[in-house]
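Participant: Residue-level listing of the chains:
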Amino acid sequence: MTQFAAYTIIGLSLGGIFALAALGIVLIYRVTGVLNFAHGAMGMFSTFVAWQVFYGTPHTGMAPWMVTAEAIGAGLLFAVVLGLVLELAVFRWVRNRPQITKAVITIGVLLALQSAASLIWKNNQYHLPIYLAPQTSTFKIADVPIGANYVVIVIVALGLAFGLAAFLRGTAFGRAMRAVSDDPTAASLWGVRVDMVGAVSWMLGSLIAAVAGILITPFINFDTTSLTLLIVDSLAAALIGGLVSLPMTVLGGFLLGLLETYPTMWIQSLGLPRLIALLVILAVLILRSPRGLPAVAK
Amino acid sequence: MMPGHIVRFAIAIVAFAILARLPVGLDPAFQFDAALAVIWGFGILSLVLLTGYAGQVSLCQATFAGVAAYGAGMTVAGMHGGYLLGIIIGVLAATVLGVIVGLPALRLHGITLAIVTLGIALVFDKYVFQDHIFDWFTGGTGGWQVTQASLFGIPVDSSKHLLTAYDVMLALFCMVAVLMVNLHQSGAGRRFRAIRDSELAASTMGVNLARYKLLAFALSASIAGMGGSFYPLIAGSVSPQPFWVFTSLQLAAIGVLMGVRYVPAAALGGLFMAVVPDVLTRYGHGTFMNRFNYDISYDWFQLAVGVLLVLQLILLPDGVWGDIRAKALRAWDVVRMKPREEVRPA
Chain A
1 MTQFAAYTII GLSLGGIFAL AALGIVLIYR VTGVLNFAHG AMGMFSTFVA WQVFYGTPHT
61 GMAPWMVTAE AIGAGLLFAV VLGLVLELAV FRWVRNRPQI TKAVITIGVL LALQSAASLI
121 WKNNQYHLPI YLAPQTSTFK IADVPIGANY VVIVIVALGL AFGLAAFLRG TAFGRAMRAV
181 SDDPTAASLW GVRVDMVGAV SWMLGSLIAA VAGILITPFI NFDTTSLTLL IVDSLAAALI
241 GGLVSLPMTV LGGFLLGLLE TYPTMWIQSL GLPRLIALLV ILAVLILRSP RGLPAVAK
Chain B
1 MMPGHIVRFA IAIVAFAILA RLPVGLDPAF QFDAALAVIW GFGILSLVLL TGYAGQVSLC
61 QATFAGVAAY GAGMTVAGMH GGYLLGIIIG VLAATVLGVI VGLPALRLHG ITLAIVTLGI
121 ALVFDKYVFQ DHIFDWFTGG TGGWQVTQAS LFGIPVDSSK HLLTAYDVML ALFCMVAVLM
181 VNLHQSGAGR RFRAIRDSEL AASTMGVNLA RYKLLAFALS ASIAGMGGSF YPLIAGSVSP
241 QPFWVFTSLQ LAAIGVLMGV RYVPAAALGG LFMAVVPDVL TRYGHGTFMN RFNYDISYDW
301 FQLAVGVLLV LQLILLPDGV WGDIRAKALR AWDVVRMKPR EEVRPA
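Sequence lines, in order, name chains A and B. Following our numbering, the numbering of the first sequence begins with 1 at its first residue and continues without gaps. Following our numbering, the numbering of the second sequence begins with 1 at its first residue and continues without gaps.
It should be emphasised that the hints constitute simulated quantities derived from the structure, not laboratory data. All values derive from a computational prediction rather than experimental measurement. All C-beta atoms, glycine included, are put in the ideal place defined by N, C-alpha and C. Among the clues, some could well be false.
[Claimed, not checked] Here are some of the chain A residues that sit facing chain B, going by a computed Cβ distance under 8 Å: (1) 35; (2) 77; (3) 81; (4) 93; (5) 101; (6) 164; (7) 166; (8) 246; (9) 271; (10) 272; (11) 275; (12) 287.
[What the hints assert, rightly or not] With the C-beta cut set under 7 Å, the calculated list includes, among others, these residues of chain B facing chain A: (13) 10; (14) 103; (15) 104; (16) 106; (17) 119; (18) 171; (19) 249; (20) 279; (21) 282; (22) 284; (23) 306; (24) 309; (25) 313; (26) 332; (27) 336.
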């Protein structure tokens with residue numbers, strides 16, 4: 001029972017990361033119509049920037065929490081700039097192209113970002129985590145010890161999801177984003193600046209990807225490819241939400257995290273979680289939406 | 001035989017004669033590159049059929065090649081069969097996988113198919129090719145070793161007779177390329193193109209969607225598998241690394257970059273994918289003008305592919321070969337003093 005609970009906690013925190021990564025995919029897809037295969041690569045690059053600031057630069061006379069804050073700040077700032085640059089340099093120019101063309105362009109972005117990162121940080125495996133909470137602090141619920149870092153992930157995932165939903169519903173800019181997602185032409189006639197909305201959704205999406213990447217560092221040995229390839233799990237979570245629904249996406253992320261974690265109680269295999277993600281993708285696509293995905297902005 | 005067939009056949013023979021001469025006399029590493037170029041050429045050719053003709057997206061073409069490579073390796077090294085049998089088993093294995101991948105594709109298209117095929121590529125890369133459950137197929141962590149092999153009694157192995165293997169593969173490639181061009185004009189080719197342009201319209205016109213989509217996947221996988229099944233022969237062993245998920249992504253990227261609707265783009269793309277990285281790793285480091293040290297490794301190749309793909313899709317949507325072809329046709333029209341035609345069908 002204790003073992004089961006421990007795996008549940010691991011699964012939920014892994015799921016929180018999938019949920020975060022999937023949120024960014026859904027946001028960008030809904031507003032700009034781009035299914036972003038490079039989402040994992042973008043998060044990976046920003047994570048490595050944070051990692052570089054954390055471990056690669058001298059921090060004399062700084063408190064540990066300040067170093068962490070500085071690293072995360074640098075990573076997130078980089079992520080925002082990366083999202084903006086990609087939108088300005090690439091995706092602004094292909095807005096009226098077919099959806100699949102835009103998706104193939106993101107594959108080009110994926111290849112470029114992954115190899116640029118492996119040029120800078122080589123193909124080494126890193127296990128140098130950035131902890132958001134003190135590693136030793138645990139608390140117990142019914143005899144099950146829970147690491148604070150696990151709780152941080154779940155809280156951040158839920159918080160960002162609710163925050164994003166509130167932003168989309170409650171603010172004028174959020175309403176503009178939803179208007180563009182429904183119909184860019186109509187939105188532009190109502191005075192919404194479609195360019196601006198596209199740029200902001202790329203920046204936000206990239207930011208959330210970076211959060212997911214930084215949060216995962218304590219749990220896995222990561223290199224430039226493994227973080228890039230998290231895209232498949234994130235897409236599985238995003239598909240559970242039909243690529244539109246934010247609450248269902250978060251739920252899908254947690255569900256996928258649990259589904260991928262429980263089998264590791266009995267079977268030790270690095271590849272098995274990927275198979276589970278693929279089966280979830282197939283199940284969702286074939287059973288749930290026989291007429292394909294809901295229509296979004298072209 | 002119609003005149004068109006004879007012309008294509010003649011072009012294929014001339015292309016074979018020229019390409020077969022290219023690596024003669026070069027050092028073994030370049031001869032290996034030439035053979036590898038044919039393997040990736042098959043990979044891109046399979047995409048020409050699947051994406052260029054039938055309009056189905058796939059991000060797992062290297063997986064088909066990998067399954068064929070392991071199938072051939074298993075037959076030759078694991079079960080001591082002849083290499084010809086190995087190729088047949090390898091291609092069959094790839095074809096079966098192609099049909100299996102084609103099944104979900106019956107209900108999917110566009111980006112959802114891209115997601116599924118990416119998932120399949122990742123599962124085969126991290127699970128099937130690497131997990132111990134599949135050791136009977138992959139030969140364990142060491143992989144299969146293929147040292148002595150012959151086709152029709154002629155020795156074709158990686159150490160001494162690499163060029164013979166290259167000639168056999170090249171002949172097969174030219175044959176399949178001609179068949180592909182012929183397929184484009186045939187009834188099946190027209191149905192593929194109808195599916196590409198509009199699945200709804202095609203099915204309204206009486207095209208059996210299920211049959212022709214599965215046929216496209218099966219044919220495409222077998223073409224990719226034809227290349228892959230030669231891999232153990234020219235490399236001497238099989239390992240998961242050449243067929244990992246990034247190879248699939250690179251195949252798709254280079255196929256689109258070169259012009260995924262055109263058969264010659266496959267040859268161009270195969271050469272690009274095999275030769276450029278090796279040239280970079282060998283001659284990419286040194287000193288420029290005695291002052292600037294540079295070190296261009298393999299990663300620069302993938303970086304260039306990514307950037308070129310993005311630029312190409314924005315600027316030349318029909319790919320490098322498509323652009324060359326359009327310019328050549330326009331120049332030919334000028335020579336013949338014909339009024340300019342806007343678009344020529346492929």
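Participant: Against this structure, judge whether each hint is valid.
Facilitator: Hints and how they fare:
no.: 1; hint: 35; in the structure: holds, 5 Å
no.: 2; hint: 77; in the structure: violated, 23 Å
no.: 3; hint: 81; in the structure: violated, 18 Å
no.: 4; hint: 93; in the structure: holds, 5 Å
no.: 5; hint: 101; in the structure: holds, 6 Å
no.: 6; hint: 164; in the structure: violated, 22 Å
no.: 7; hint: 166; in the structure: violated, 29 Å
no.: 8; hint: 246; in the structure: violated, 19 Å
no.: 9; hint: 271; in the structure: holds, 3 Å
no.: 10; hint: 272; in the structure: holds, 6 Å
no.: 11; hint: 275; in the structure: holds, 5 Å
no.: 12; hint: 287; in the structure: violated, 10 Å
no.: 13; hint: 10; in the structure: violated, 35 Å
no.: 14; hint: 103; in the structure: violated, 9 Å
no.: 15; hint: 104; in the structure: holds, 6 Å
no.: 16; hint: 106; in the structure: violated, 9 Å
no.: 17; hint: 119; in the structure: holds, 4 Å
no.: 18; hint: 171; in the structure: violated, 32 Å
no.: 19; hint: 249; in the structure: holds, 6 Å
no.: 20; hint: 279; in the structure: violated, 17 Å
no.: 21; hint: 282; in the structure: violated, 18 Å
no.: 22; hint: 284; in the structure: violated, 12 Å
no.: 23; hint: 306; in the structure: holds, 3 Å
no.: 24; hint: 309; in the structure: holds, 3 Å
no.: 25; hint: 313; in the structure: holds, 5 Å
no.: 26; hint: 332; in the structure: violated, 29 Å
no.: 27; hint: 336; in the structure: violated, 34 Å
Violated hints for the displayed structure, listed by number in ascending order: 2, 3, 6, 7, 8, 12, 13, 14, 16, 18, 20, 21, 22, 26 and 27.
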